[in-house]
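Sequence lines, in order, name chains A and B. Per the working numbering, the very first residue in the first sequence carries number 1; after that it's consecutive. Per the working numbering, the very first residue in the second sequence carries number 1; after that it's consecutive.
Watch out, some of these pointers could steer you wrong.
The following residues of chain B were derived to be distant from chain A, with all beta-carbon distances above 10 Å [claimed, not checked]:
1) Asp8
2) Thr30
3) Leu46
4) Glu66
5) His82
The calculated lysine-lysine pairs, modelled on DSSO-like cross-linking and capped at a C-alpha distance of 30 Å, are [what the hints assert, rightly or not]:
6) A:Lys57 <-> A:Lys71
7) B:Lys49 <-> A:Lys9
8) A:Lys14 <-> A:Lys83
9) B:Lys68 <-> A:Lys9
10) A:Lys71 <-> B:Lys49
11) A:Lys14 <-> A:Lys57
12) A:Lys57 <-> A:Lys70
13) A:Lys57 <-> B:Lys49
14) A:Lys9 <-> A:Lys70
15) B:Lys61 <-> B:Lys49
16) B:Lys68 <-> B:Lys49
17) A:Lys57 <-> A:Lys9
Derived by calculation from the structure, the hints in this document are not laboratory data. Note that CB positions come from ideal geometry on N, CA and C, so glycine has one too.
These are the residues of each chain, in order.
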Amino acid sequence: DGGITQSPKYLFRKEGQNVTLSCEQNLNHDAMYWYRQDPGQGLRLIYYSQIVNDFQKGDIAEGYSVSREKKESFPLTVTSAQKNPTAFYLCATKGSIGTDTQYFGPGTRLTVL
Amino acid sequence: AQSVTQPDIHITVSEGASLELRCNYSYGATPYLFWYVQSPGQGLQLLLKYFSGDTLVQGIKGFEAEFKRSQSSFNLRKPSVHWSDAAEYFCAVGAPSGSARQLTFGSGTQLTVLP
Numbered sequence: 001d002g003g004i005t006q007s008p009k010y011l012f013r014k015e016g017q018n019v020t021l022s023c024e025q026n027l028n029h030d031a032m033y034w035y036r037q038d039p040g041q042g043l044r045l046i047y048y049s050q051i052v053n054d055f056q057k058g059d060i061a062e063g064y065s066v067s068r069e070k071k072e073s074f075p076l077t078v079t080s081a082q083k084n085p086t087a088f089y090l091c092a093t094k095g096s097i098g099t100d101t102q103y104f105g106p107g108t109r110l111t112v113l
Numbered sequence: 001a002q003s004v005t006q007p008d009i010h011i012t013v014s015e016g017a018s019l020e021l022r023c024n025y026s027y028g029a030t031p032y033l034f035w036y037v038q039s040p041g042q043g044l045q046l047l048l049k050y051f052s053g054d055t056l057v058q059g060i061k062g063f064e065a066e067f068k069r070s071q072s073s074f075n076l077r078k079p080s081v082h083w084s085d086a087a088e089y090f091c092a093v094g095a096p097s098g099s100a101r102q103l104t105f106g107s108g109t110q111l112t113v114l115p
């Protein structure tokens with residue numbers, strides 16, 4: 001079954017702990033994205049990756065890190081340096097250049113206690 | 001820099017009534033435009049997109065949108081709203097093909113449907 005998988009759906013962590021959010025896709029899409037969503041602010045881009053072993057900062061990259069070791073996977077680590085990490089995190093993918101449409105996973109809600 | 005404005009934070013309509021959600025964009029060239037819908041706690045689902053050609057675009061679930069270059073708008077419409085349409089709707093503008101970064105989102109419009 002093709003699609004984008006994000007796990008876990010809900011995640012609770014204590015303040016000061018790093019946490020890694022998973023994003024996996026079997027769509028064979030080249031580009032992958034991480035967005036953060038807060039109420040009333042729409043989606044803000046954290047990081048994106050066009051190809052394996054390459055990624056770029058988005059608008060709000062501070063306090064986050066990513067890796068792209070495989071085409072199918074683009075994990076996001078929320079570090080202790082992120083001052084307000086509680087949010088809904090969305091992963092998206094896009095096919096090769098020319099398709100121009102991003103498709104979204106179901107999201108992970110992170111709550112820092 | 002590209003930007004998107006959705007002027008209405010919250011809209012309430014009765015079931016069966018018509019709907020129009022507004023979207024204004026700022027972009028230096030012909031943009032790529034998208035409407036997505038999000039149910040609570042879920043990811044975003046693509047409703048429709050405009051790249052070029054006919055300015056009236058048909059999407060899923062009976063939605064349509066019209067690109068008006070002179071007004072920098074891409075408003076979403078539906079002739080008769082169903083209770084299941086209650087959700088949050090996001091308009092997005094994209095850079096041309098070749099730009100991996102691509103999308104800028106509006107802040108969303110929350111739709112409530114009254115029985």
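Structure-based check of all given hints:
1. Asp8: Non-interface label stands for Asp8 of chain B: nearest chain A Cβ at 13 Å, farther than 10 Å.
2. Thr30: holds (13 Å)
3. Leu46: violated (6 Å)
4. Glu66: Its Cβ never comes within 10 Å of chain A, the nearest being 19 Å, so this holds.
5. His82: holds (22 Å)
6. A:Lys57 <-> A:Lys71: With a Cα-Cα distance of about 18 Å, the restraint between Lys57 of chain A and Lys71 of chain A holds, given a limit of 30 Å.
7. B:Lys49 <-> A:Lys9: holds (28 Å)
8. A:Lys14 <-> A:Lys83: holds (13 Å)
9. B:Lys68 <-> A:Lys9: violated (39 Å)
10. A:Lys71 <-> B:Lys49: holds (26 Å)
11. A:Lys14 <-> A:Lys57: holds (26 Å)
12. A:Lys57 <-> A:Lys70: holds (18 Å)
13. A:Lys57 <-> B:Lys49: Roughly 26 Å between the alpha carbons, so the hint for Lys57 of chain A and Lys49 of chain B holds.
14. A:Lys9 <-> A:Lys70: holds (22 Å)
15. B:Lys61 <-> B:Lys49: holds (14 Å)
16. B:Lys68 <-> B:Lys49: holds (14 Å)
17. A:Lys57 <-> A:Lys9: Measuring from Cα to Cα gives roughly 24 Å; hence the hint holds.
Consistency note: the structure conflicts with the earlier hints numbered 3 and 9.
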